[in-house]
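If you're matching them up, the sequences are chains A and B in order. Numbering of the first sequence is given in the working numbering, commencing with residue 1 and proceeding in unit increments. Numbering of the second sequence is given in the working numbering, commencing with residue 1 and proceeding in unit increments.
Please note that a few of the clues may not be correct.
[Said to hold, decoys possible] So, partial list: chain B residues that the calculated Cβ filter (under 8 Å) puts toward chain A:
1. Val387
2. Asp399
3. Gln414
4. Asn420
[What the hints assert, rightly or not] Some chain B residues flagged as far from chain A (calculated, every beta-carbon gap over 10 Å):
5. Ser206
6. Val208
7. Tyr231
8. Asp241
9. Trp316
10. His375
11. Ala381
12. Pro417
13. Glu431
14. Leu596
15. Ser649
16. Ile718
17. Asp791
18. Ala793
Bear in mind the hints are in silico, worked out from the structure with no lab data behind them. Glycine residues also receive a C-beta, built at the ideal position from the N, C-alpha and C atoms.
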Amino acid sequence: MNDTGNPDALGPTPDERGTRFAVYSSIAERVELCLFDPHGQPTLRQDLERGNNGTWSGFVEGCAAGQRYGYRVHGPYDRERGLRCNPQKLLIDPYARRLAGDFRWTEAVRDNSDLDSAGHVPFCVVTPNGAPAEERRPRIPWGETIFYECNLRGFTMLHPALDDRQRGTFAGMRNKEVVAYIKSLGVTSVELMPVHAFIDEHHLVEKALRNLWGYNSISFFAPMPRFASGHADVEMRDMVRSLHDAGLEVILDVAYNHTGEGGHDGPTLSFRGLDNLTYYRTPPYEPGTYVNDTGCGNTLNVEHPRVRELVIESLAWYAEVMGVDGFRFDLATILGRRPDGFAKGHPLLIDISNDPRLENAKLVAEPWDPGPGGYQLGNFPPRWAEWNDMYRDAVRQFWRGDHGKSGVLARRLHGSADIFEAGCRGPNASINLVTAHDGFTLRDAVSYVHRHNEANGEDNRDGHSHNYSCNYGVEGDTDDGDVLEQRRRHRLNLLATLLFSQGTPMLLAGDEFGNSQQGNNNAYAQDNEIGWLDWSGIDEDPDFVDEVREMIHLRRETPLLRLQQYVHGALERDDGVVRIDWLNQQGDAKQGPEWADSRAFTKVISHLRNDGSESAAAILVNAHDHAAHMRLTRDEPQREWRVVFCSADNTVEFEESGTVLMHGHSLALLLSD
Amino acid sequence: MSAKPENSTGDRELLQTSELPMTADAILHDFTHYFGRMLGRRTIQVDSPFLYQAVVYAARDRLMERWNKTRNLTEKHDTRRVAYLSLEFLMGRLLRNALLNLGIEDETTQALDRIGLDLEDVCERERDTGLGNGGLGRLAACFLDSCATLRLPVIGYGIRYQYGMFHQRIENGYQVEEADSWLREGFPWEIERIEFAQTVRFGGRSDVQVDAHGKTRHVWVDTHDVMAIPYDVPVPGFENDIVNTLRLWSAAARDEFDLEEFNAGSYVDSVASKNAAENITMVLYPNAETENGQELRLRQQYFLASASLQDTIRNWCRRKGGDFVGFEEKNCFQLNDTHPAVAVAELMRLLTDEHGLDWDDAWDITRKTMAYTNHTLLPEALEMWPVSMFRRLLPRLLDIIYEINARFIAEIGQRWPGDNDRIRRMSLIQEGPEPMIRMAYLAIVGSFSINGVAALHSRLLREGLFRDFAELWPERFNNKTNGVTQRRWLAACNPGLSQLISEKIGDHWKVELDELQGMAKFADDAEFQARWRAVKAANKKRLADAIEKRTGLAISTDMMFDVQVKRIHEYKRQLLNMLHAIHLYDRIRRGDGDGLVPRLILIGGKAAPGYVMAKAIIKCINNVARVINADPAMEGKLRLVFYPDYNVSAMEKICPAADLSEQISTAGKEASGTGNMKFMMNGAITIGTLDGANVEIREAVGEENFFLFGNTVEDIEILRGNYNPQAIIDEDADFRRVMELLQSGHFNHFEPGIFDAIIQSIREPADLWMTAADFRSFIDAQEAAGMAYKDEAHWTRMSILNTAHSGRFSTDRTMRDYNDEIWHLDPIPDA
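My request is simple: use the sequences and hints to build the entire structure.
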């Protein structure tokens, strides 16, 4: 069992004499290495030698970095039994770090056709052995981290500072002004939606659409060629370096749950043709079909040790060589699903947690998938953080005015101990978010009640139907000043809640200046003005961006807003006692039944140091339609409160000592030291 | 995990300067001391258990010195050792064997004689240590005896059931079970080793946590913990000063009871949890077939596996610290049948979760230390446990089994790409509405050696039950034909024959059974034959007395003793034997019995309490026996006796007295059998099918000295599907008459219908055991045996040759095979 060979050696390994190629297939009877010249003309076909444990390898003298290649696998073809070898298909090396050439939807890419697929599918390219990225990493501590989720292409396509060549590319993302803008917001970690090479689904191409989001990988190593004018791997590495130079982390959204090869009639590009039953899960007794836990036609078989190895090596390469600082795992339940359901002790999760090369990587799970038992929020292992959709829903429902949501909002403000504490994790495990790529943008969440996905070409049937959104009287665009004012205030309420909550906040790029997708809550195929950020929003309301910057600044300057441990009541620490108090409008401890009906409360977080000095932060929340008198102190020592933020136009009014008047639908932050 | 060896400094051995003398004087002195001072008894009553106990203590003292010395030697030489994991050890009585092996049988006899006691009576006072059902458990006991004799460092690990194999009482022909409270008068052999107690966990859930080194680790939390307390029993080698250990685990509540619960006023609950813990080792499961799905059985299996592995690892860490390099060179685990198979997963858990090894290293160690012996050919006896039960009881083990399976399936995929049927067949998890874990497969996947217990059995395993695995790893499959220890099964149980043999060829056969070959040349020696017959007659007398004592029936020793004693099971076909008895009865009644040899048909054995058919067979035999034995026409011609409460000590009386040994199972069903070997060794001639070790017995003794009958495995394979028992009955007048007698209610006058199921089973075309198919050839073979018995000289010759050729069925040979081909142990040096 140990003699699986050095996994690093899979893929192409050039040295001074030539290149060693190695690929895994347990079912092949013969594997051909095919070399091509830069024009795509074949130059050499050479059989690889069968080694131990399904590894096929060979050495080509004089072959150097830059060489284009692919594999052809001869072996059984029996679709009913899940055997899909067809030597007419040129296959991508799963370990190739670079792809060249486009993918074209033709008959030839399917394995029930005898046409040669070469020329219709990307070539692999031999790359120099990557040295570990040596530049200094930002290494932002979890407690200071603010994620900024952005789609590289959507973010840069319309950015005014970029020229046409830079739009939609890694190069655009590292443009000085782009980087400076991100930095100016105060966010720390740029979370890029998938950059693994992907293809556009057939049904999109038929409708003249393209995949903007990229959750359709055909390689877990090579970065997306579309994102580069030259070599994607080189340009991506340069981008990472530039973001690091600005002190920003780079987090990659990675989709190790399915591949772009789709269902059983999808294209044969790599895994299917190499070793279908190793790479994909099939239902018991039906090897001719796929388990479809992803809703995307297939499910990667991470139960198989060689597939786990592929995932780990891919992660390690991105972390070590490309310099990536962390990963957000798309539909991560699949990574921990065993035959009898999800297990946080699944070996893949543990391997990822313990691989020394990933020691410093941030690990974030999207803790659900459409498969059985798919919703696993709170159940991932230590070290892992999770997208907290219960946070999103609670915050949106509360501010929308749903009844009886105060208590759950308080638990979310507190860091969702109810979800994460039992698994021995702290507040940082909760990735708080009010919006994400999936769903409405912030602006649309306060402008639309219903989704408007007609442009996706599926008759508005796709996308979420439970958006917990509100249009405040008019669906979509309006010039009604009152409505606009309410919407603006609620955008601030939502972002202020996000940034003042315990946990790790994630901001969706564009929400800081009111980006809209015209009510589209599933813009995965809108590689156009709908999905691209409209930067004119900044000029329309420059104050709003500044208010967001200020909130982020306040979070950074106020450690009490980002505690590293759950505090229930009081917590004694080396440096004093930290308390959290929940007050009602009268300034008394809020009692059980009050949570049900009152929509106003105050959260006071205080730190009494050993020397007797104290600092405190108070978050005042009023979701009533009417203004509310809220008393801050009753028994507590007098604090000198300063109002540092209020989402209502008018600032908070101190009425008498310790009592303030909060406007309806507003949130304020007060500090005292 | 403590990296520091716990014994690095400070331990001092309490040296005993002089060895205890082995003289009758010294033994009597010690006996008196124990009887009077320690046990505090004054008057000598022959049936007092304390006489026996005092003798044991005197003997145990002498074992103790050798025991400690053996431990010191193995430690000093850091010998590789084998842990033999078995859910059953059918030890029988220990005293006679201990005295024999210590070489103080005569001295003890003399010592007791001086105070007017007979050693035989004292030995009879010992209760059987009945921690097993049958062959498998008895084999384990024989193995330990041979290993100690061969100086092999092997430790037996088992369970100290509070209630062993039930006692059988026959009431109105029916089996009635009675609890075997063998510990009630104490078990003077054992030494409680509380200092080596282990904690075994159940329930809870599998979780992951970050350890002190920042590594994410699996943890098993919220468990209900049970203490495993070891009790050591000495296993002396034959006159070689070696004493090995049988370590039996007893379960105890982790804390006497939950004080918190107690304080909360819930005394009942707290005591209940204590009882639940102790229930684990309360009772031996009475057979293999009905235990599937019984949670307590899984608890027992895991309890044994976990405690024993932890004990081995504790011992390793004490001497070597936490470094497991070289562990596989010093340790080997032999799994006695599938019962302890969970040890594969448990070793993985201990090495990875508790001792921080990574998966590959741990798996490497596991696959180099585990070896698996399979004892069955019945697919239904291969254990499976519901996944849901594992998840509830052993959640962390389930994780590990899934992981082993994922890697294993990848390995199959590599070897047979796209062969999904094969993957489904070989997967450790059987799919279905209630997914099951195939424990035998777990044992195979985790072991470097897989063996069957007779040549035929091993071949059938490779070609049938485990065929897929044998194709994957042919090099792992091997055969180790079972055996029996001649020290108990000839020397001790048959002193007359033993003495006669030693007179002729010396007594080295006690350690080299092949030397019995030397007897062959006396096979035709008339004077020797006469002495041989005299010994047999004396043994038959002893058995006849025992039968009379138990059943009130007087038996003439002139009769041929035709014996079948073993567990009652359809495949062993006690039914066929009974049909023969009815046939003889019928012949004598119709006046066709003149040429027949007078015959005692003796049947004994226990039926699993839940095995309805087997219990019906017992009832049927008893009813037939009642009719036969009450019929004046049968007087002096035919006797049928069911011997109640058959156990090890009963066999010690039975096998020396048998003339004919019935080994008549359906071919392909008996893995080996060991009773057949005991009979052969004591000079009984076998009537048997080509099944299990019969094949090798016949090979050894020559076909002319064996009464063969019945269909072969291949015949039965062909017959299946075309089997028509009714036609067989119709065509055979004898058979027809037997069936008519049965159906007419002749044997159940006032109990109508009670044998309908038995009658139906004989007529059933789907009858797995094909009783009818072998009826005619069995009758014919019996006829031939009867004829042969009448020729005294010829029979005696056959009898001598059987004993002479039984050499290869010594467990000494079996153990040498295990050692040469699987274990590779060095014998414990002298100093």
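Tested hints:
Hint status for valine 387 (chain B): holds, given a least beta-carbon distance of 6 Å to chain A, under 8 Å. Checking aspartate 399 (chain B) against chain A by beta carbon gives a least distance of about 5 Å; that is within 8 Å, so the hint holds. At about 4 Å, the closest approach between the beta carbon of glutamine 414 (chain B) and any beta carbon in chain A falls short of 8 Å, and the interface hint on this residue holds. For asparagine 420 (chain B), the interface hint holds, since its Cβ comes within 8 Å of a Cβ in chain A; the closest pair sits about 5 Å apart.
A Cβ of chain A approaches the Cβ of serine 206 (chain B) within 10 Å, the least distance being about 5 Å, so the stated non-interface status is violated. Chain A draws valine 208 (chain B) into its interface by the beta-carbon criterion, the shortest separation being 4 Å against a cut-off of 10 Å. Non-interface status of tyrosine 231 (chain B) relative to chain A is upheld: no Cβ of that chain comes within 10 Å, the nearest being about 35 Å off. With a cut of 10 Å on Cβ distances, aspartate 241 (chain B) stays outside the contact zone with chain A, its closest approach being about 43 Å.
With a minimum CB-CB distance of about 22 Å to chain A, tryptophan 316 (chain B) clears the 10 Å threshold, and the non-interface call stands. The beta carbon of histidine 375 (chain B) is kept farther than 10 Å from every beta carbon of chain A, the shortest such distance being approximately 28 Å. No Cβ of chain A approaches the Cβ of alanine 381 (chain B) within 10 Å, the least distance being about 26 Å, so the stated non-interface status holds. Annotated as non-interface, proline 417 (chain B) brings its C-beta within 10 Å of a C-beta of chain A; the closest such distance is 3 Å.
A beta-carbon of chain A is positioned within 10 Å of the beta-carbon of glutamate 431 (chain B); the least distance is around 5 Å. The beta carbon of leucine 596 (chain B) is kept farther than 10 Å from every beta carbon of chain A, the shortest such distance being approximately 60 Å. Non-interface call for serine 649 (chain B) relative to chain A: holds, since the shortest CB-CB distance, roughly 48 Å, exceeds 10 Å. Listed as outside the interface, isoleucine 718 (chain B) is consistent with that label: its C-beta sits roughly 32 Å from the nearest C-beta of chain A, beyond the 10 Å cut-off.
Remark: the non-interface label on aspartate 791 (chain B) is consistent with the geometry, its nearest Cβ contact in chain A lying 62 Å away (cut-off 10 Å). For alanine 793 (chain B), the non-interface assignment is confirmed: its Cβ lies about 63 Å from the closest Cβ of chain A, beyond the 10 Å cut-off.
This entry does not satisfy hints 5, 6, 12 and 13, going by the numbered hints stated previously.
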